[in-house]
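Number of protein chains: 2
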Amino acid sequence: MIKISIQGARGSFHDIVARKKFPGDSEIIESETFKQVFEDVHKGLTDYGVVAIENSLYGSFLENYDFLFKYDTRIVGEEYMRLVLNLIALPGTKMENITEVYTHPLAMSQAEEFLDKHPKMRRIEAEDTAAAVRLIKGQDLHTAAAIGSTLASEIYGMKILARDIETEKKNYTRFLIIARPDTPYDLDADKTSLVVHAKNIPGALFHVLKCFNDENINLSKIESRPIVTSRAWDYNFYLDFEKGLNSPATQRALKELEKVADRIRVLGSYKRDDKVDEQ
Amino acid sequence: MIKISIQGARGSFHDIVARKKFPGDSEIIESETFKQVFEDVHKGLTDYGVVAIENSLYGSFLENYDFLFKYDTRIVGEEYMRLVLNLIALPGTKMENITEVYTHPLAMSQAEEFLDKHPKMRRIEAEDTAAAVRLIKGQDLHTAAAIGSTLASEIYGMKILARDIETEKKNYTRFLIIARPDTPYDLDADKTSLVVHAKNIPGALFHVLKCFNDENINLSKIESRPIVTSRAWDYNFYLDFEKGLNSPATQRALKELEKVADRIRVLGSYKRDDKVDEQ
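Residue numbers (this note's numbering), protein chains in the order written: chain A, 1 to 279; chain B, 1 to 279.
Some clues are possibly wrong.
Identical copies look the same in the list; a pair holds intra-copy or inter-copy alike.
[Claimed, not checked] Simulated pairs of lysine-lysine, DSBU-like, Cα-Cα distance not exceeding 30 Å:
#, residue 1, residue 2
1, Lys20, Lys117
2, Lys94, Lys259
3, Lys120, Lys221
4, Lys259, Lys21
5, Lys120, Lys35
6, Lys259, Lys3
7, Lys259, Lys170
8, Lys35, Lys117
9, Lys94, Lys70
10, Lys259, Lys120
11, Lys199, Lys169
12, Lys35, Lys221
13, Lys169, Lys210
14, Lys259, Lys117
15, Lys21, Lys94
16, Lys259, Lys221
17, Lys43, Lys117
18, Lys94, Lys20
19, Lys271, Lys159
20, Lys137, Lys275
21, Lys21, Lys221
Read the hints as simulated data drawn from the structure, not as lab findings.
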C-alpha cells in the first residue's frame with residue numbers, strides 16, 4: 001500500500017489533495033511540519049508527499065521553495081484547490097456559546113471578517129485546521145469551535161455551524177505532489193519546474209527568460225530565493241513553464257539556458273492541473 | 001525636529017539605520033508593527049519611516065512589499081547593513097546562570113548554532129531584539145539574556161556576554177527610508193523602484209524586463225506578489241533598477257514599458273547604497 005506524507009492532520013486540506021490524487025488504497029502519514037514531509041519522501045520512508053506551494057492571497061510558501069532545493073525529491077504532480085473554510089464544533093454546541101476559536105494562523109486571517117462580527121470568540125492559533133477540529137473533539141470542548149474543512153468535520157464526527165466563512169472567496173492554493181528523485185518522468189507531462197542560478201552577467205534574469213520566450217514557452221511562475229555565496233546578494237530562480245521536459249522546444253530552451261546559467265536543476269515535469277477544484 | 005518612525009524599540013537595527021541616515025536632531029517614534037510605520041508616514045504623523053525590505057538569508061519581507069503598494073508613501077533612500085548579534089544581559093549576570101534567552105524569531109534562528117551549544121538557555125520569542133533587551137532591564141531579570149545590537153546594549157546600560165554570535169556572518173539586511181508621497185525626487189538618484197502590472201499577454205514578464213535590458217539598465221531585484229483580480233493567479237511585479245528616474249534611458253524604458261504594462265507606479269528614486277555597513 002502506498003504511503004503519502006501530508007503536512008497536518010487527517011482532514012486537513014493536504015489530506016483532501018492526497019485523497020483526490022490517490023483515490024485507491026493508501027496510508028496517510030501525518031507530519032507536523034513541511035520539513036518532515038520532505039525528509040520522509042527524500043529518505044524513502046513514504047512514497048509521496050503533498051505540500052502547499054502557493055496561495056493566491058498569501059503568496060508563496062517560501063520555506064517549501066527552499067526545501068525543494070535542499071531535499072532530493074521530484075515533483076510529480078500539482079493540484080489547484082479553492083479552500084472552503086467552515087466553523088466547526090461538537091454536535092450540540094450553539095453558535096452563541098462559543099468563546100474560543102482554534103485554527104491555523106492563515107485560516108484565521110482569512111476568516112477575519114467573520115470573526116470580527118463575533119467578538120466574543122477569542123482566537124487561538126493551532127498547528128493546522130484539522131488538528132484544531134481534532135483538539136475540540138478530543139478534549140470535548142463544548143464552548144469552542146475550529147475553522148477547517150468539511151472533510152475534517154466529517155472525519156471527527158463534528159457539526160458545521162457556519163459554511164464558507166472566508167472573507168475572500170478567490171482563495172486558491174496550489175499544492176505539489178513530490179516523490180523520490182528516481183521516479184520516472186510522466187510522458188504526458190506538459191508542465192516543468194526548475195531552479196536556475198544565472199551567471200553573474202548584466203541582465204542575467206532577462207537572458208534566462210529569453211531562452212523560454214524564444215521558444216514560445218509560457219512561464220507561469222517565477223520566484224527568487226536568496227542563497228549564501230561569495231556574492232552578498234545572490235538568488236536562485238524557480239521557474240514553472242507550460243511545456244513537458246521531453247518536448248523539443250523545452251530541450252532547445254534548456255540548451256540555450258546552459259549558456260546563461262551556471263546551475264540548472266529540473267525539479268519535476270508533470271501534468272498541468274487546469275481546473276480549480278472546490279474544497 | 002524631524003520625526004522618524006521605526007519598527008521596534010530604541011536600539012533596534014531600524015534605530016541604527018535611522019541614526020545613520022539622520023545624524024542631526026530627530027525624534028525616534030517606536031512602532032510595534034511595520035503597518036504602523038507605513039500608516040504614520042502616509043498620514044503625515046511622522047516625516048520618515050525605516051523598514052526592512054530584504055535579508056540575504058531570510059529573503060524578502062513580503063508584508064512590506066504589500067504595504068509599499070497599499071500605502072501612498074515614497075522611497076527616498078536605502079541602507080545595507082550587516083546585522084551583528086550579541087548576547088546581552090544585566091551587568092553581573094554570568095553566562096552559566098542564564099536559563100532564558102529573549103529575541104525576535106529571525107534573530108533566534110540566526111543564532112541557532114550558538115544556542116544549540118547552550119542547551120540550558122530556553123528560547124523565548126520577543127517582538128524585536130531591542131524590546132527583548134529592554135524587557136530584561138525593566139524586569140531586572142538576572143538569569144535571562146537577550147540577543148540584540150551593540151547599540152541596544154549601550155542604550156539600556158547592559159553588558160555584552162558574547163559578541164557576533166550569528167551562525168552566518170553574511171547576514172545582510174536592506175532597509176528602505178520612506179517619506180510622504182509629495183517628497184521631491186532626489187536629483188542625484190541612481191536607483192529606482194517601481195511596481196508593474198503586466199498586460200495579460202504571453203511572455204509578459206519577459207517583455208517587461210526587455211524594456212530595461214534594451215536600455216542596458218541593470219535590474220537589481222525582482223519580486224512578485226499576488227493580487228486579487230478577476231484572474232485567479234495575478235501578480236504585481238516589484239522591480240529595482242540601477243538608474244535614476246530622470247535619466248533619458250529610464251524615460252525611454254518607461255515609455256516602452258507602457259506598451260506591455262497596464263499599471264506602472266514609481267515607488268521612489270533615490271541614491272544607491274553601495275557599501276554594506278557593519279552593525
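Tested hints:
1. Proximity of Lys20 to Lys117 under the C-alpha cut-off of 30 Å is found in neither arrangement, the shortest distances being 34 Å within a copy and 45 Å between copies.
2. With identical chains, the CA atoms of Lys94 and Lys259 are never at most 30 Å apart, being 65 Å at best within one copy and 56 Å at best between copies.
3. Taking CA atoms no more than 30 Å apart as the test, Lys120 paired with Lys221 passes in neither setting, with 41 Å inside one copy and 44 Å between copies.
4. Taking the shortest alpha-carbon separations for Lys259 and Lys21, neither the intra-copy value of 38 Å nor the inter-copy value of 42 Å comes in at or below 30 Å.
5. With identical chains, the CA atoms of Lys120 and Lys35 are at most 30 Å apart between copies only, with a shortest distance of 25 Å across copies and 36 Å within one.
6. Taking the shortest Cα distances, Lys259 and Lys3 never come within 30 Å of each other, neither inside one copy (40 Å) nor across copies (51 Å).
7. Taking identical chains as interchangeable, the C-alpha atoms of Lys259 and Lys170 lie at most 30 Å apart only when they sit on different chains, with a minimum of 29 Å there against 40 Å within one chain.
8. Taking the shortest alpha-carbon separations for Lys35 and Lys117, only the inter-copy value of 23 Å comes in at or below 30 Å, while the best intra-copy value is 36 Å.
9. Taking the shortest Cα distances, Lys94 and Lys70 never come within 30 Å of each other, neither inside one copy (47 Å) nor across copies (39 Å).
10. Proximity of Lys259 and Lys120 under a CA criterion of 30 Å is satisfied in neither setting, with 61 Å inside one chain copy and 51 Å between copies.
11. For the identical chains of this complex, Lys199 and Lys169 are inter-copy neighbours only, at 24 Å across copies versus 41 Å inside a copy, given an alpha-carbon limit of 30 Å.
12. Taking identical chains as interchangeable, the C-alpha atoms of Lys35 and Lys221 lie at most 30 Å apart whether they share a chain (23 Å) or sit on different chains (28 Å).
13. In this assembly of identical chains, Lys169 and Lys210 lie within 30 Å of each other by CA distance neither inside one copy nor across copies; the values are 35 Å within and 35 Å between.
14. In this homomeric assembly, Lys259 and Lys117 never come within 30 Å of each other (Cα to Cα): the closest approach is 57 Å inside a single copy and 44 Å across copies.
15. For the homomeric pair Lys21 and Lys94, neither the shortest alpha-carbon distance inside one copy (36 Å) nor that between copies (56 Å) is at most 30 Å.
16. Proximity of Lys259 to Lys221 under the C-alpha cut-off of 30 Å is found in both arrangements, the shortest distances being 22 Å within a copy and 22 Å between copies.
17. Taking CA atoms no more than 30 Å apart as the test, Lys43 paired with Lys117 passes between copies only; the shortest distance there is 27 Å, against 47 Å inside one copy.
18. When the C-alpha separation of Lys94 and Lys20 is checked against a cutoff of 30 Å, the pair qualifies neither within a copy, at 32 Å, nor between copies, at 57 Å.
19. For the identical chains of this complex, Lys271 and Lys159 are neighbours neither inside a copy (36 Å) nor across copies (59 Å), given an alpha-carbon limit of 30 Å.
20. When the C-alpha separation of Lys137 and Lys275 is checked against a cutoff of 30 Å, the pair qualifies neither within a copy, at 34 Å, nor between copies, at 57 Å.
21. In the homo-oligomer, the alpha carbons of Lys21 and Lys221 lie at most 30 Å apart inside one protomer (22 Å), although the nearest pairing across protomers, at 37 Å, exceeds that limit.
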